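Under our numbering, read the sequence shown as residues 1 to 385, first letter to last.
Don't take every hint at face value.
Unchecked claim - Here are the in silico distance ranges between beta carbons for each label pair:
1. Asp77 with Lys116: 44 to 52 Å
2. Val292 with Phe91: 21 to 29 Å
3. Ser115 with Val34: 29 to 37 Å
Note that these hints are calculated values from the structure, not bench results. Because the structure is a prediction, the values reported are computed rather than measured. Idealized CB from N, CA, C, for every residue including glycine.
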Amino acid sequence: MPLFTILDDATSIWSELGTALSSTTLWTNICKTVVFILLGFIFTKKKLLPDKTGTILTKFVMAVCLPCLAFCSFMTDFSVQGGIDALVNFFGGFVLYILFIFLSKLLFIWVKDPSKKTVLSVLFAFGSTTFFAYPLITAIYGSTAGNNFNIMNVAYRVFLYSYAYLAIANMSEPKEGEEKPKASTKDILKKIFLNPIVIATFAGLALWLLQAIPGVAFVPKDWLSGGTSESYVAIWRFDVTLPWLYQTANTLGGLSSTIILFAIGCTLGGTNISEAAKDKYAWIWTGLKVIVAPAIVLGLLFAVQAIARACGFEQLISTDTLNAAVITWMVPPATVAVGYCINFDKEKEMASHISLVSTLGAVLGIVIWVIVLTVIGTTGFFYAA
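Using the sequences and the hints, build the whole thing.
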C-alpha cells in the first residue's frame, strides 16, 4: 500500500508540473521579461539612446509609476484574511531581514579579506527590491502580491538605511580630524518614511483598512450609471468614486514593469561585461543569491506553513506572500548599498561587478523560480488569497 501511495504522489507531482509548464500566462510573463531587457540592452549597445537613459527612466518610475502602482493596488474590498496576511508580511519581513543579516555573515565566513567579507554579506542581505523585484512581482503575480511585497519591504528600508549604511561606512578608521559616520534616528526615519513609495503604500493601506469600520460603505458601486446596485463602497474607494483619476494613476503604475525592465537592459548595455566576468566573487555571490537565498526563504515558509497546518490554521501564508518573498531574495544587490560602497570607496569595483553579473543571473533565475513557484502553487499547500 505505501508503494502505491508513493507512486500516486509522484504521478500527481508530474501532472502538476505539466500543468504549470503548459501555462500560457507563465511563458508570456517570462517572454516579456527577457524581451524588454534585451531591447534595452540592444538599443544601448547600438547607441540609439542618449547616455544615462536607464538612470532617467528609473528616476521617473521611482518617483511616479511605483507610488501610483502601490496606492492603486489597495483599491479593493477589505477582508479579515487580507488583514491577517498584511500582519504576516509586516512581521515576517523583520524576521527574514534579521535572519539574513546574520546568515550572510556565515555564508561568507570563508573570505579572508575583512573588507570583501563585509561588502559581500551586506550586499547579500539587501537586494534591489524596489527597482528590480517589485515591478516583476506585480507584473507576474498581480497587485495583491505587490501589496504583500510593499508591507514586507518596510523592514528592508529600516535596515538598509541603518545597518547597511553603518556596516559599510565603519569598515575602516576615519582619517585624522574626521569623525566616524553616524546614522541618526531622525535621518533614518526621514529616508524610510519620506520615500514616495512608502508614503503611497501606507496611505493605500490605511484607506484599505478603514473599510473595516461599519457604516463607511454607502456609495453604490454603479453610482455613475444611475443603477440600483446593492453593493456599496467607502467614499475613498477612488476606483469607484473618482474613476478618471484612478484610471490615470493605474495606467502610470502599469508602466513600471515595462520601463524598469527596459532600464535594466540599458544598464547592462552600458557596462563592461567581460571585466565583470573575471571577478570570481561576483559569480559566487550570484550563485548564492539566485539559488541558495530564495531556497532558504522557500524552506522557511514551508516549515512555518506546515506548523500552522498542524495546529489547524491552514491559511497563514498565502501564495502571494510566498511568491513575493522568494522573488525578493533572488534579485541583484540594492543600488543604495552599492552606492554606499562607491561613496566610501569600499570594494567598489567588486560591488559593481556583482551588480552586473547578478543582474544577468537574475534574468535566468526569474525563469527558474517562476516555474518552481507555479508548480508549488498548484499543490494547494499555501492558500490562494
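Legend entry - Which numbered hints fail: none
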